[in-house]
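Once you have looked at the hints, place chain B on chain A.
There are 2 protein chains.
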Amino acid sequence: MTAQRPPSDAWHLRFEGFDPAEEGVREVLCAIGNGRLVSRAAAPESCADGVHYPGTYLAGVYDRARSVVGGRRVENEDLVNCPNWQSFSFRHPDGEWFTGPPAEQRLDLDLRRGVLTRHGLVVDADGRRTRLVQRRIASQAQPHLVALETELLAENWSGLLEVRSALDGTVENTGVARYLGLTSRHLVPTGQGVDEDGALWLEVATVGTPLHIALAARTRAAPTEVHRASEVRDGWAAELLTLDLTEGRPVTVEKTVAVYTSRDPAIEAPLPAARRLTAQAPDFEHLLREHAMRWAELWRRCRIEADFDSELALHLNLFHLLQTYSEHSVDLDVGIPARGLHGEGYRGHVFWDELFVLRLLNLRFPELARAVLDHRRRRLDAARQAAREAGLCGAMYPWQSASDGREESQQLHLNPLSGRWRPDRSHLQRHVGSAVAYNVWQHFQATGDLDFLATSGAEMLLEIARFWSSLAAYDPERSRYSIRGVLGPDEYHDAYPWAEGPGLDDNAYTNVLASWVLARALDTVDLLPEYRRDELLERLAIDRTELDRWQEVGRHLHVPFHDGVISQFAGYERLAELDWAAYRGRYPDLRRLDRILEAEGDSVNRYKASKQADVLMLCYLFSSRELRGLLRRLGYPAGPELLRRTTDYYLHRTVHGSTLSAVVHAWVLTRTDRRRSWRFFRDALNSDLLDLQHGTTAEGVHLGAMAGAVDLLQRCYTGLEIREDTLWLAPRLPSSLGRLELDLRYRGHWGVRIAVDRHTATVSLRESRQPPIRVAVRGSTTAIGPGEIRTFSL
Amino acid sequence: MTAQRPPSDAWHLRFEGFDPAEEGVREVLCAIGNGRLVSRAAAPESCADGVHYPGTYLAGVYDRARSVVGGRRVENEDLVNCPNWQSFSFRHPDGEWFTGPPAEQRLDLDLRRGVLTRHGLVVDADGRRTRLVQRRIASQAQPHLVALETELLAENWSGLLEVRSALDGTVENTGVARYLGLTSRHLVPTGQGVDEDGALWLEVATVGTPLHIALAARTRAAPTEVHRASEVRDGWAAELLTLDLTEGRPVTVEKTVAVYTSRDPAIEAPLPAARRLTAQAPDFEHLLREHAMRWAELWRRCRIEADFDSELALHLNLFHLLQTYSEHSVDLDVGIPARGLHGEGYRGHVFWDELFVLRLLNLRFPELARAVLDHRRRRLDAARQAAREAGLCGAMYPWQSASDGREESQQLHLNPLSGRWRPDRSHLQRHVGSAVAYNVWQHFQATGDLDFLATSGAEMLLEIARFWSSLAAYDPERSRYSIRGVLGPDEYHDAYPWAEGPGLDDNAYTNVLASWVLARALDTVDLLPEYRRDELLERLAIDRTELDRWQEVGRHLHVPFHDGVISQFAGYERLAELDWAAYRGRYPDLRRLDRILEAEGDSVNRYKASKQADVLMLCYLFSSRELRGLLRRLGYPAGPELLRRTTDYYLHRTVHGSTLSAVVHAWVLTRTDRRRSWRFFRDALNSDLLDLQHGTTAEGVHLGAMAGAVDLLQRCYTGLEIREDTLWLAPRLPSSLGRLELDLRYRGHWGVRIAVDRHTATVSLRESRQPPIRVAVRGSTTAIGPGEIRTFSL
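In order, the protein sequences belong to chains A and B. When we follow this note's numbering, the leftmost residue of the first sequence carries the number 61, and every step to the right adds one. When we follow this note's numbering, the leftmost residue of the second sequence carries the number 61, and every step to the right adds one.
Next up, chain A with everything else stripped away, as it sits in the complex (with noise of 0.2 Å):
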């Protein structure tokens, strides 16, 4: 499918017309929201064919689903779909209710403004023509208000027009076609009603937690409106306005709804709260000013100026991100969920994407990036308990997780080319916990705050370097530490196609990746302030003997090899080769491979193909040089050959069956074949604009590869790095992009703008009273302050 848009620019997403084939994507990428709730656009039933239903998923907002999988009972905690405050309809005192579609419509979502304008033509069957222009919010200056205005007008018609505003609770999960079979019912009506000066409000609970979501809202249509009535059942309240519309003339209707939920700090309950709110709330022009002003703030401290031509996507990207996690996340102890808040797939689950996102965040908006690090601190004790379950030490953090902290992987999971149920066996990735440790670190370097290091991170590193110690075995045989039984990010490959049990050996990206969060505990202890290390490593019962194994193990981590290249995991090399021509031949797209060679009674398992290349990974993680070193430290000779020829081995086994494999593989090709890797680039950034993973956008974004893409455009083309104190930069522009401007948050410094362009890479800081920060560009150190200027030469 590519998407119909061709008015759209670099800062407005348009569709026109009406296709259900298209719809689920439309409702995602036209979604709004704030970093507490995000809002799919799709139809409320005045202007679409409820194919799919308009969800509004609040951050951290989870019921406990019981199904049963595949024969099984099985127990997940599922992100549940909020009430729907969109909804809004209307008919002729003589007509049916609307319920669409219109006989024209068109959506704007207007990037950088967070408004999405709805326009739309009604046709009844006595051939009134009836044209709305609404208006959606969901502010980013007061997170708990949402806001729909209507503007109705009369083309060929004037008279009375009854308009439906309608809280709605009887929602379900529906969004994921697959899921269907599983519990989708997960609120509870509690309460509903009409307050006496027309307010509307609706309470519900979620079905297996005392979790309460309130909403009350507020419509106003004067001065034309004439009658004023209500309708409330279980579930379900509205409010009925009649409106008397002259030919021409248009008339507004404003709604304007408040959500609270039972989690939310600074209340006392969720429906009080929401009903004042609501009556305090200014008119929706006031409130779109300050959204507005508000989402400028977001852009210019978003501000990348690429002179490319996938700007729209760039910014969409970024804006799905903001909406995810904002300001208004803080305070709500969420995670980073693979899907955003944009769907149901994957059950609003947070998994590692994170590693992902934090690289934008921790330079540009810090207190978020902690915040997200104060999620996984607050779940450490439930990843100390996982570890402890599996009879090891130290936190063994859960590969899916959700309120709790434990694991929420599935156990079974269904092949719909098969039919079939398969174990699930995804949750043996135990290098989530290094994505954790990997984002203490990255925090630290970006924010020089050895506080937060001090009373927050370094308990988390800790604790995960002693579960890498603890779980590394050593092997005699060769005088080396072995890590058994996991799974590396590549999901197709589970277990040795020769062996009983599940899992693999020494996947070299959580092995390399295990023996860096080693370093960095040890570097960590070194850096804490004395009396702080004396306190942790008491607190923790940490000796000499655990700090000198770390060492011991870290140095000696097995790493396998094969044919001059690093093995993905040990046995690799026995792996078949498959018939890529022929499978090509065959079927039409392969990246589900799994699943074909499922359903064909084979195993990808058997063969030498990736849903995403997990060695390269560790070139998105690392530069070049870093990772060399990380190779030499354990032993291991790594010329400059070693990581292209990895590079080329895996690019020709890898299915790309994960959006992340196109922003590793732009990464690792960025030296070697710069055309290359600006094409992976453009598929990773437009990944979701264009669907390119064939209808799984309808069931949320791809947060992590969104956020990647964006990241390949700070990072790789810039060469920035961050670590021992210093700001790197090696920039290298592909040849289709001219210049490359970034503005930063770097260790205080606020606006640190960072301009590249062919020959020259300039550095500016803004006044502040802060020191100078050491700035490195392609090798030679120099401290900048505040307030200067400093271009290099490239």
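Everything labelled a hint here was simulated from the structure, so no lab data went into it. In this text, a Cβ means the ideal position worked out from N, Cα and C, and glycines have one as well. Any given hint might turn out to be false.
Calculated Cβ distances over 10 Å to all of chain A for the following chain B residues [stated by the list, open to error]:
| hint | residue |
| --- | --- |
| 1 | S478 |
| 2 | A559 |
| 3 | G779 |
To spell it out: a stretch of chain A is covered by chain B in this simulated footprint if at least three of its residues, at any positions, have a beta carbon under 8 Å from a beta carbon of chain B; those stretches are [what the hints assert, rightly or not]:
| hint | region |
| --- | --- |
| 4 | 275 to 285 |
| 5 | 824 to 830 |
Facing chain B, according to a computed beta carbon distance under 7 Å, are these residues of chain A, among others [to be verified]:
| hint | residue |
| --- | --- |
| 6 | P80 |
| 7 | R124 |
| 8 | P325 |
| 9 | E328 |
What follows is chain B alone, placed relative to chain A:
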């Protein structure tokens, strides 16, 4: 009442015997807590007569109580008494449940390890003597766990004993006698039971809100357990264990309880979380070990070595502070309640006590201070709304607040002496906002964390400055700005005797502090990084004109004077002198002079008599030098004699009706009357230990005074100040204090040791990677780096 506790020492508070008159105080002083919940010690039904119910209060758990007060229906948020987890009793199979009091009883609160031990002897009608030793902890290591270990010894009998271990949700708020007419039932049981593995569980909801509290308990008495039964009814779940006791052989029963509320982060729901934790919990000895290690950590952080005779009070005060607010409070979004979590006095509301508490926390646990400030930040919108509703700009923080940051001050109060309900105007204490601003600034000074100021502190500080600027009205006659219709901290004066309306004009404390706030707001604007300054001023719509007004108002607020002293408020000189001699003769205690006069048909508003001399509070907040600077900036000559004369003047007219008064008076007399200062200091320090407010300790400790008294040691006798990026010292030990040693955290340095004796001051820094700090001793400034020790002669 002077408490009988001869065997107490510096680290142990001990009570012997059973004195119903003393029980309330004992409950509070022997409370155990961990910053998340605090259990008053008094007797579970096994050991006392049940006069005082054993309250356990959970930080931040409020219920909106709707009560009839003085004939009017009012609403208030009340701290909720948590279900009773301590319930434990026993009986002989043929006898009654023991309900106390025991024949002998001894309580021992081990402050160093946070353990409360009760030794008791129970003799039944048949002369069977059973000794019990009960140890109780609220874990500082695992904040959701509390535990009760009971050792039972049959002294002169053998046979069966039935033990009842219960969770009781039928508790009420009955801790304050004069509130008994108000709503006391806040909890509704929502479920209870006994699991198959013998774990009890109980869940309740607060009446007005969807807040749930769940407890799960495990009771173990192996190997003497011979039978186990349970008893479940609405709001009550108990296990009945039959034990086989042998004369002279002690048997131990361990009860471990997990407590969660639906506001706790990182859980799915409180009940499953509590059950899971109870199942995983280690045994009592393990819990005690890790708990004691955390307390050791806390005591190291709070190390204050003073060579004097009130060490028990010093430790008790710190102990209660650390029980109320600890690292476990940080994620709970709670403020500092005036009475700790130790009683129902003031309904758990937050006033201004953090002004006293944060002086200690900023220099030991800046994360905790930050959490208190975050609690205020989350209520900034509520403060803005309050200002708006009053027709003002900026943020008007409430005098009393609870969950949602709205004003919770009572509208009426009862004079028990006259039986009359009178209007309560204490909410006119607008100075509470200045306390918030002051704390923001102090936190910044203590940590040097400009990012805190930029992203969090500045917005509060600027909005509070804006509030003062909007409240101040220009008086052309005086060419000065006036702040009218407010109350100072001295609540005796809430109106002029000659005026109709409430409030006073130009309270000196309020105005000088407002002037300081306006100055610091302007400093803050200067300090912010240019980028963030522009952003924040745009966001708050603050322009040059407004900043100019802050400058103008801040330099021209009116401060009234009379008789060569600062007037408490404008017109103070027109008040009558009280016949102190006559009143002192007539009443043994004048602390509630307001009630005495009201009962006589008079009003304290008519007299020059203060509950606390609020002018003098300025000397607590500012050094004499800084304060005189502030007055001079306002254009008032302020010679060195002014403050001494002012002190003398009010000292004769103050009844010390507030526990804070002694703190302030100890302060102001340090330099002029050291002996008297020391007496005030000891009064302040011992205020709760000796219940010097005659019975008010039973309603909860006085956290501001407790912390303020410790702060006297910290700041007053050392002359410690943190301002202008410098740590100032000007030690002057009272004669009763030979030596004083403090460990602090300051600007990223941990364990900064300050040792002062009569001749020298020594500052030493532990090893770290932080830059040196600036230290000024008696005016001369020097830099001290990590690992350095510097001694200064005095």
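Going down the list of hints, with the structure as the test:
| no. | hint | in the structure |
| --- | --- | --- |
| 1 | S478 | 33 Å, holds |
| 2 | A559 | 33 Å, holds |
| 3 | G779 | 24 Å, holds |
| 4 | 275 to 285 | violated (count 0) |
| 5 | 824 to 830 | holds (count 5) |
| 6 | P80 | 37 Å, violated |
| 7 | R124 | 6 Å, holds |
| 8 | P325 | 4 Å, holds |
| 9 | E328 | 5 Å, holds |
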